[in-house]
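Asks: Here's the letter readout for the chains.
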Amino acid sequence: MNLRTIKCAVVITEAAIKAEVIEFMTGLGAKGYTIDTVCGRGDRGVRDDDAMLGDYLRNVKIEAVVPPDVAERIITGVVEKFFKNYAGIAYMHDVQIVRHTKFEF
Amino acid sequence: MNLRTIKCAVVITEAAIKAEVIEFMTGLGAKGYTIDTVCGRGDRGVRDDDAMLGDYLRNVKIEAVVPPDVAERIITGVVEKFFKNYAGIAYMHDVQIVRHTKFEF
Amino acid sequence: MNLRTIKCAVVITEAAIKAEVIEFMTGLGAKGYTIDTVCGRGDRGVRDDDAMLGDYLRNVKIEAVVPPDVAERIITGVVEKFFKNYAGIAYMHDVQIVRHTKFEF
Amino acid sequence: MTEFFQISLQNILSPPILFFILGLFAARVRSDLEIPPAVGKALSYYLLLVIGFKGGVELSASELNMTLIYALAAAVIAGAALPLIAFPLLRVAARLDRVNAAAIAAHYGSISVVTFVAAVSFLGISGIAYEGYLVAMMALMEAPAIITGLVLARGGRGSNVFSSAFVREVLFGGTLLLLIGSFCVGWITGGRGMEAMAGFIKTPFTGVLCFFLLEMGIMTGKRLSDIAKAGLPLALFGLYMPMIGGVMGMLLGALVGLSLGGTVLLAVLCASASYIVVPAALRHALPEANPALSMPLALGVTFPFNIFVGIPLYYFLAQKIFMLL
Amino acid sequence: MTEFFQISLQNILSPPILFFILGLFAARVRSDLEIPPAVGKALSYYLLLVIGFKGGVELSASELNMTLIYALAAAVIAGAALPLIAFPLLRVAARLDRVNAAAIAAHYGSISVVTFVAAVSFLGISGIAYEGYLVAMMALMEAPAIITGLVLARGGRGSNVFSSAFVREVLFGGTLLLLIGSFCVGWITGGRGMEAMAGFIKTPFTGVLCFFLLEMGIMTGKRLSDIAKAGLPLALFGLYMPMIGGVMGMLLGALVGLSLGGTVLLAVLCASASYIVVPAALRHALPEANPALSMPLALGVTFPFNIFVGIPLYYFLAQKIFMLL
Amino acid sequence: MTEFFQISLQNILSPPILFFILGLFAARVRSDLEIPPAVGKALSYYLLLVIGFKGGVELSASELNMTLIYALAAAVIAGAALPLIAFPLLRVAARLDRVNAAAIAAHYGSISVVTFVAAVSFLGISGIAYEGYLVAMMALMEAPAIITGLVLARGGRGSNVFSSAFVREVLFGGTLLLLIGSFCVGWITGGRGMEAMAGFIKTPFTGVLCFFLLEMGIMTGKRLSDIAKAGLPLALFGLYMPMIGGVMGMLLGALVGLSLGGTVLLAVLCASASYIVVPAALRHALPEANPALSMPLALGVTFPFNIFVGIPLYYFLAQKIFMLL
Ligand SMILES: Nc1ncnc2c1ncn2[C@@H]1O[C@H](COP(=O)(O)O)[C@@H](O)[C@H]1O
Ligand SMILES: Nc1ncnc2c1ncn2[C@@H]1O[C@H](COP(=O)(O)O)[C@@H](O)[C@H]1O
Ligand SMILES: Nc1ncnc2c1ncn2[C@@H]1O[C@H](COP(=O)(O)O)[C@@H](O)[C@H]1O
Ligand code: NA
Ligand code: NA
Ligand code: NA
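Sequence lines, in order, name chains G, V, A, D, S and B.
Residue numbering for the first sequence follows the working numbering, beginning at 1 and increasing consecutively.
Residue numbering for the second sequence follows the working numbering, beginning at 1001 and increasing consecutively.
Residue numbering for the third sequence follows the working numbering, beginning at 2001 and increasing consecutively.
Residue numbering for the fourth sequence follows the working numbering, beginning at 3001 and increasing consecutively.
Residue numbering for the fifth sequence follows the working numbering, beginning at 4001 and increasing consecutively.
Residue numbering for the sixth sequence follows the working numbering, beginning at 5001 and increasing consecutively.
Treat the hints with caution; some may be incorrect.
Using 30 Å as the maximum straight-line C-alpha spacing, the simulated BS3-like pairs for lysine-lysine come out as follows [stated by the list, open to error]:
{"#": "1", "chain 1": "G", "residue 1": "K31", "chain 2": "G", "residue 2": "K18"}
{"#": "2", "chain 1": "A", "residue 1": "K2102", "chain 2": "G", "residue 2": "K84"}
{"#": "3", "chain 1": "B", "residue 1": "K5229", "chain 2": "A", "residue 2": "K2084"}
{"#": "4", "chain 1": "V", "residue 1": "K1102", "chain 2": "V", "residue 2": "K1081"}
{"#": "5", "chain 1": "G", "residue 1": "K81", "chain 2": "A", "residue 2": "K2081"}
{"#": "6", "chain 1": "G", "residue 1": "K18", "chain 2": "A", "residue 2": "K2031"}
{"#": "7", "chain 1": "A", "residue 1": "K2061", "chain 2": "A", "residue 2": "K2031"}
{"#": "8", "chain 1": "V", "residue 1": "K1061", "chain 2": "V", "residue 2": "K1081"}
{"#": "9", "chain 1": "A", "residue 1": "K2102", "chain 2": "A", "residue 2": "K2081"}
{"#": "10", "chain 1": "V", "residue 1": "K1018", "chain 2": "V", "residue 2": "K1084"}
{"#": "11", "chain 1": "V", "residue 1": "K1081", "chain 2": "A", "residue 2": "K2018"}
{"#": "12", "chain 1": "G", "residue 1": "K81", "chain 2": "A", "residue 2": "K2031"}
A few chain S residues facing chain B, derived, Cβ under 7 Å [to be verified]:
{"#": "13", "residue": "P4015"}
{"#": "14", "residue": "L4033"}
{"#": "15", "residue": "T4206"}
I should point out that these hints are in silico values taken from the structure, not numbers from a laboratory.
These numbers come from a predicted model, not from an experiment.
Virtual Cβ for every residue (Gly too), placed ideally from N, Cα, C.
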């Protein structure tokens, strides 16, 4: 099988907007995603997993393996759409995959 | 210390076959791995962490820092061996490390 | 927006020294970090999440998106400072980001 | 008939069922109400421990007779026979391919512990006793059901049915092991053990069951939409198959001479479908089978049917049968 | 006065409060003592279930009269009115911008379930009864408080106040849904239900509350340092606002004819500030508001104030009022 | 001798120990039975809270006398002395390097709370009373043990023994803090507190202990294989060291005038080895030490030895000693 290089777009943000961000990413062309609950720290201070106090204190890390153009639209898009009011970062990096049709429309 | 570029092979699949996949990866030459439980969505629908209902509904993310040839064999191998019947994706990407002997045989 | 390539430095080590490693990374110039509890295996054997038995059996995965020079100092630094006595690995890889000022001083 | 309505009303108006309804509602309105998975798992372990332990203690109190032997044999037979009934129905009525028909058949040969627990608490409220060894019967139904299913899937050829992974999943799977283990502990320690454990086994039981059924309701509610995908024929199977199983269980119970309570519980075992042990086992032994078909059916259709209609129905019918005897 | 000291001493020397202090201490010395989040969440669900269920059962026992109607109306009014009092204070005294002032105002119109539970257990120790429907009153205060807050933030224009996300967060949010749901279950099943559930509802209650307040203490302790950032004027608001609310609650309670216990609890509801439901709702409905301002205030200042001083104080004052009546 | 067999049989046939065996079995057959870590941690906190609280309540009931002072002193001495006995044995018999010998020595100077709890429930079944302040003694043994270990490791030079991290781990570590904190709460609230808490402290205790020992059995079983790596001399040390400690504890107990129950518990404290607090502390204070050596030994060898053989043995011997007195 021949490998192909596409992108992995990663968004780390408030669990409170998990659903919105996922919808946004799939809307831009992500055919799938993987999500995990994480803690962290940034300009908006420490964000720790106090499950009792609710999602808005926790972070989620959402990653989607997508074609380069989709990845770029995702990371630029989330910054514009969400990161004015919500805590978060977004980045992308190259990944080599086998079944490229699985990740493209 | 001089850095060296090798690969990080990532496999996201059903927790049910965690043991088999790990064995497969170490068998191909991974001297270590890091594993985490994740949720996600793909062609086989949403896979969420309903611990009560058992592993086959959850995903694990297994990553192994390995030499490039091993990484390639891992991601092509898991696709052939597991992803016909099991949900999952696999990819690899470059990483720079310090103690390369730690990751090679 | 124009993208810029910087680094993501990843450290996987014993949860017991989580605080020390974070301090070390931020000390070297990481303006933020994301952390997660993971399991894994390496030269020091299997490290699984037996929360009851305490942190020293668990791993944490700490990643920081930072300028290349900081990333290099982090991964070479943690190896020297911590990995003689503690279990762990460290690596870095390229990532493209949008708001580079967010990650640089 | 009014009598049956009274019974099912009494069932539905009990706290556990009402919390199950609350869970269903929460899931439908997409509430963020959700028992953390780790806690849900611990609660399920609590129920397994309690049910197993109680069964063992009761067995230790009752002297062993032939009925026990017959009953255990009946359980094995039921576990193996039910898939043979379900399989053709699934092939013909639901037009499923061999593998998926066999897989689902295995689910219906096996049992749902939570349905059993709900039935036990239903009998408790009505103050009806049952044989302690019904827990053992429950434990004996899993394996035959799965094996039959695998043989059906392989078209008669039961090749590598007993892979080590399979054995570990089924015989040593957490669910069954804790159930049987607790059963043995209860059996060994008997009344003395129950004395020491009562505050844990009896005091919070109903409440924990409510908490647990709340979570079950949420999980069931989440999957209701998947049933549409499964299609009407399959959904209907999820409704009539438990009744077939229930009747078969009742007749078996009366045949081997179980008490009224025992007969109801055996009916519930035969009527219920596994959504934890069997899916896990088949994921390894029959990976070609599509879990997205069986899960919603067992959890989304048959489980609520038994909770709302099945349990009171089998009780009502069993009463009638016992009057004839 | 000595009388008040006795009351608050009796309050502070009760196990729940002492465990709260232990938690504060643990956080201050940066101990690794920490209830796992999943368990903490489950415990909070337990408390909601218990409080809701008990309230429902008690309501089913008492005949419905006009007081109930008045009381429920009073709750809605209180929830809507308190933010109108808090808002100007925050704008002027604490010099906050419109949005953040409105956001914090909403927190103080709403309620803190844990403070309510602590007050219930305080009344329990003193053997003072209260109306079951106070739980319903508690549930009715959230929405008006948040809506008022949003209208204030939007400068009168209540645009898109009722977004679907908002409704789901507030009406169908886990906290409220479980509280109201359990209340209904208790109401429907009444005494019979309580009989079946007592071992879960009553037996471990105080102990679980201790466990939970231990965790609350840890979380509060962690946030004490953030208060400094909030600044003195805001911290002071966290101290005098509950007293304003408490007095208002007392008068409302006496006015609508609640019992002594009920009056104290209404005072506690008005005095307490939400740190779970409101922050979650506003994160969606008012994202410009900075949660780092409201959280430490409600959890770090007002919550401990009510636990240590507020509850006994409102009880002491309510007694005095009832003597005059 | 038959008498000893009866005692240990009665011990082994108690639900907690049987569930421990079930856990061992589950781990050996690689079952997926596993209490979620979050729940396991919460259960351990429950046991700490209960043990601490009960101890405090009992202490508040008994008048303070010199025995208390002697006993506390004895605990400190035991904690500091045991590593001095263990160290040479480890150096010579097990041929360990200085650092690892010192590290393991510290483990055996310290204590295992779960072993203590198991002994308490063992005494409870036999209806034997013990001094409440044994909990305080338990708390006092940790620090001296670790400090002695560090001094031994540093070859006499106790440099940076008291790093802030060290103090936080040992004095303010979750385990110890919750134990002492609950002890104080129990002491302050006394009988009144126990009244309010009994439904949480006493009712589910044995059951929770079963659940917890089930998990302990699983964790122990998982580590049995690691013992092979540790080597026979070290494994043997894990068997004879507890007996040395046990005898020392008994003599100390009799010397300071503890009751029979108190003497047995002190023996258990001296015989047991820490696998939570000490490893965590040493990971910071003595990172060169290899945790893969001490853990399997304390958890895989000494813990089960004490559970199965030690506890009944120390009880049997203590009885004999008390007959001579
Ligand atoms: N430089 C960084 N590297 C890795 N993760 C980061 C970084 N900055 C922020 N984060 C993550 O993004 C979340 C929100 O960041 P912020 O909006 O800066 O508070 C933090 O809680 C971290 O989890
Ligand atoms: N494009 C993607 N990006 C990231 N993760 C994915 C993607 N597609 C699938 N996954 C992950 O792989 C799992 C199985 O995928 P699938 O086999 O397509 O159902 C999903 O549950 C996700 O966790
Ligand atoms: N080659 C590897 N790939 C990914 N993770 C690794 C690798 N080697 C070690 N690790 C992680 O680093 C931790 C400590 O490694 P070690 O110090 O080799 O025992 C392990 O528990 C794994 O989580
Ligand atoms: Na069945
Ligand atoms: Na309020
Ligand atoms: Na010891």
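Asks: Decide, hint by hint, whether the structure agrees.
Replies: Outcome of the hint check:
1. G:K31 with G:K18: 16 Å, holds
2. A:K2102 with G:K84: 13 Å, holds
3. B:K5229 with A:K2084: Between K5229 (chain B) and K2084 (chain A) the Cα gap is close to 22 Å, so the pair holds against 30 Å.
4. V:K1102 with V:K1081: Within the cut-off at roughly 27 Å; holds.
5. G:K81 with A:K2081: 41 Å, violated
6. G:K18 with A:K2031: Within the cut-off at roughly 23 Å; holds.
7. A:K2061 with A:K2031: At roughly 17 Å apart (the allowed maximum being 30 Å), K2031 (chain A) and K2061 (chain A) satisfy the hint.
8. V:K1061 with V:K1081: The hint holds at about 17 Å.
9. A:K2102 with A:K2081: Given pair K2102 (chain A), K2081 (chain A) holds - Cα atoms ~27 Å apart, limit 30 Å.
10. V:K1018 with V:K1084: At roughly 16 Å apart (the allowed maximum being 30 Å), K1084 (chain V) and K1018 (chain V) satisfy the hint.
11. V:K1081 with A:K2018: With Cα atoms ~37 Å apart, K1081 (chain V) and K2018 (chain A) exceed 30 Å; violated.
12. G:K81 with A:K2031: 22 Å, holds
13. P4015: Status holds, d = 5 Å.
14. L4033: 4 Å, holds
15. T4206: For T4206 (chain S), the interface hint holds, since the closest Cβ of chain B sits about 5 Å away, which is under 7 Å.
The structure fails to meet hints 5 and 11 from the earlier list, while all remaining hints are met.
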